[in-house]
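First to last, the protein sequences are chains A and B.
The first sequence begins at 4 in the working numbering and counts up by one.
The second sequence begins at 83 in the working numbering and counts up by one.
Think of the hints as simulated: they come from the structure by calculation, not from any bench.
Note that this is a predicted model, so its numbers are computed, not measured.
For every residue, glycine included, the Cβ atom is placed at its ideal position computed from N, Cα and C.
Don't take each hint at face value.
Said to hold, decoys possible - For each label pair, taking beta carbons as the anchor points, the in silico distance ranges come out as: (1) R270(B) x D27(A): 34 to 40 Å; (2) I381(B) x E69(A): 26 to 32 Å; (3) R105(B) x N91(A): 52 to 58 Å; (4) H33(A) x V87(B): 43 to 49 Å; (5) D47(A) x E371(B): 37 to 43 Å; (6) P361(B) x I64(A): 50 to 56 Å; (7) D68(A) x P177(B): 35 to 41 Å; (8) K28(A) x P268(B): 37 to 43 Å; (9) T16(A) x P250(B): 54 to 60 Å; (10) Q364(B) x Q42(A): 26 to 32 Å; (11) N75(A) x G209(B): 27 to 33 Å; (12) D261(B) x H33(A): 42 to 48 Å; (13) T211(B) x T44(A): 47 to 53 Å.
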Amino acid sequence: MTQHAATRDEIRTFLFGTIAQLTDKPELEHQLSEDASIQETGMDSVRIINLVVQIEAEYDIAFEDEELLIENFETVSKIKEQVVRKLNEAS
Amino acid sequence: MKKPVPVHCLLDCLASVLREDGRFDSRPLYLGVWEAYFESNASGISYYSDQADPKDWLTRFHQIYGAAVHNWHHYPSGKAANLKRLGEIMENTVPQRFTLVMADLYFIPHARQFRSRHIPHYFIVRGRTGQRWHIRDPYLDWEGDLSDSAMSEAYERGFTVDMRSAHPPDDSFIRQFFDVGTGPSPSRLITELRNYVVRTIEKNDGAAPGSLFASVQDAGVIAKRLWGYSLVLHYFAEGGGYDPNVGSCAAGELAKEWERLLLMVARYDIARGQVDLGPFLQRADRIDEWERVVKGELIQAYEHWRKVPRTKVKETP
Numbered sequence: 004m005t006q007h008a009a010t011r012d013e014i015r016t017f018l019f020g021t022i023a024q025l026t027d028k029p030e031l032e033h034q035l036s037e038d039a040s041i042q043e044t045g046m047d048s049v050r051i052i053n054l055v056v057q058i059e060a061e062y063d064i065a066f067e068d069e070e071l072l073i074e075n076f077e078t079v080s081k082i083k084e085q086v087v088r089k090l091n092e093a094s
Numbered sequence: 083m084k085k086p087v088p089v090h091c092l093l094d095c096l097a098s099v100l101r102e103d104g105r106f107d108s109r110p111l112y113l114g115v116w117e118a119y120f121e122s123n124a125s126g127i128s129y130y131s132d133q134a135d136p137k138d139w140l141t142r143f144h145q146i147y148g149a150a151v152h153n154w155h156h157y158p159s160g161k162a163a164n165l166k167r168l169g170e171i172m173e174n175t176v177p178q179r180f181t182l183v184m185a186d187l188y189f190i191p192h193a194r195q196f197r198s199r200h201i202p203h204y205f206i207v208r209g210r211t212g213q214r215w216h217i218r219d220p221y222l223d224w225e226g227d228l229s230d231s232a233m234s235e236a237y238e239r240g241f242t243v244d245m246r247s248a249h250p251p252d253d254s255f256i257r258q259f260f261d262v263g264t265g266p267s268p269s270r271l272i273t274e275l276r277n278y279v280v281r282t283i284e285k286n287d288g289a290a291p292g293s294l295f296a297s298v299q300d301a302g303v304i305a306k307r308l309w310g311y312s313l314v315l316h317y318f319a320e321g322g323g324y325d326p327n328v329g330s331c332a333a334g335e336l337a338k339e340w341e342r343l344l345l346m347v348a349r350y351d352i353a354r355g356q357v358d359l360g361p362f363l364q365r366a367d368r369i370d371e372w373e374r375v376v377k378g379e380l381i382q383a384y385e386h387w388r389k390v391p392r393t394k395v396k397e398t399p
């Protein structure tokens with residue numbers, strides 16, 4: 004449980020940092036809300052796919068082509084849950 | 083009320099006008115939008131080119147609804163004189179008269195393309211107070227004010243739609259446009275995209291060159307036009323006593339497949355490795371299949387609708 008909570012925090016921090024870097028808005032690292040639409044911050048489809056590629060490399064997981072829908076990457080919270088699920092499936 | 087799905091910026095403006103007028107169903111307006119022109123050449127796919135003529139859609143609008151379209155923009159007079167004309171029109175607004183403007187999104191602050199890409203776009207100008215223009219932008223789902231300086235930079239041309247002469251959708255034109263707008267599958271868009279992606283990757287020794295997505299990303303905007311199938315299908319289904327839920331699933335799947343396909347292309351570009359075109363081609367084939375299903379349902383709904391007797395629309399003088 005503690006391990007999962009830590010992992011979720013780690014993932015959230017990674018996602019905030021990567022989104023801040025991809026949008027070139029460093030303030031997002033601390034100001035972005037987990038449930039805010041990441042598209043509203045300037046994450047267009049190319050940046051979202053860039054984020055997907057970086058998540059795959061960081062956590063050694065893969066998103067199937069079938070999963071490539073913007074609605075699956077709407078918020079940090081949604082992305083985080085998918086990463087946790089994939090990590091759990093892999094372990 | 084459910085928000086309308088963005089389909090085509092000009093048609094979405096006209097649909098917004100029809101909804102505000104409140105008398106007539108806007109859905110027939112989208113007949114054939116799935117076949118609307120786009121440019122495809124060695125540089126990629128673009129949703130707009132100088133060859134694309136929006137006048138055709140305005141003529142259709144007039145033919146279906148009888149609303150008068152007045153092109154007051156005078157090219158030889160230049161931008162300043164036309165903007166002055168727009169200001170005068172706003173000073174003398176008349177109920178049931180709507181003014182639409184084509185502008186460059188590069189200068190429009192509420193657009194994602196602001197200061198990044200020159201793209202022509204239509205919105206409705208509702209009025210003017212001092213240095214602020216009141217705008218409704220149905221395609222971008224935005225309503226607010228545009229500064230005088232932004233309008234001066236963005237404005238390209240304008241026209242007015244007068245709904246006072248409008249009548250219910252004319253069945254004879256609907257039949258005519260249906261026959262023209264439902265060509266055989268596969269659609270030109272998926273054919274052009276498939277050819278361009280395969281050709282580009284093969285030319286680049288099996289890898290995406292890093293510029294591939296940028297060259298074809300307009301296909302995502304063009305694919306939004308496929309929501310027109312759903313709108314027209316529901317119009318026919320409701321008018322013809324056909325199951326109104328038919329087609330919703332297929333149209334939704336078609337839209338999702340397009341999104342997946344384009345995000346796959348973006349991933350090829352970012353990963354920069356060797357591309358296995360198999361999954362790409364399979365998904366493109368699936369888009370073909372879904373579009374055939376949607377068209378089949380549309381044709382069935384149309385056949386039901388066509389058999390229902392209706393009152394003929396009187397010709398307007």
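Status of the hints after comparison with the structure:
1. R270(B) x D27(A): 34 to 40 Å: holds, 37 Å
2. I381(B) x E69(A): 26 to 32 Å: Since I381(B) and E69(A) have Cβ atoms about 29 Å apart, the given range 26 to 32 Å holds.
3. R105(B) x N91(A): 52 to 58 Å: holds, 56 Å
4. H33(A) x V87(B): 43 to 49 Å: Violated, at about 35 Å.
5. D47(A) x E371(B): 37 to 43 Å: Between D47(A) and E371(B), where Cβ atoms are some 29 Å apart, the hint is violated.
6. P361(B) x I64(A): 50 to 56 Å: Violated, since P361(B) and I64(A) (Cβ atoms, about 18 Å apart) do not stay within the stated range.
7. D68(A) x P177(B): 35 to 41 Å: violated, 51 Å
8. K28(A) x P268(B): 37 to 43 Å: holds, 41 Å
9. T16(A) x P250(B): 54 to 60 Å: holds, 58 Å
10. Q364(B) x Q42(A): 26 to 32 Å: holds, 28 Å
11. N75(A) x G209(B): 27 to 33 Å: Distance hint for N75(A), G209(B) is violated at roughly 41 Å.
12. D261(B) x H33(A): 42 to 48 Å: Since the Cβ atoms of D261(B) and H33(A) sit about 59 Å apart, the hinted range of 42 to 48 Å is violated.
13. T211(B) x T44(A): 47 to 53 Å: Hint violated: Cβ distance 31 Å, outside 47 to 53 Å.
Hints 4, 5, 6, 7, 11, 12, 13 from the list above are not met by this structure, while the remaining hints are.
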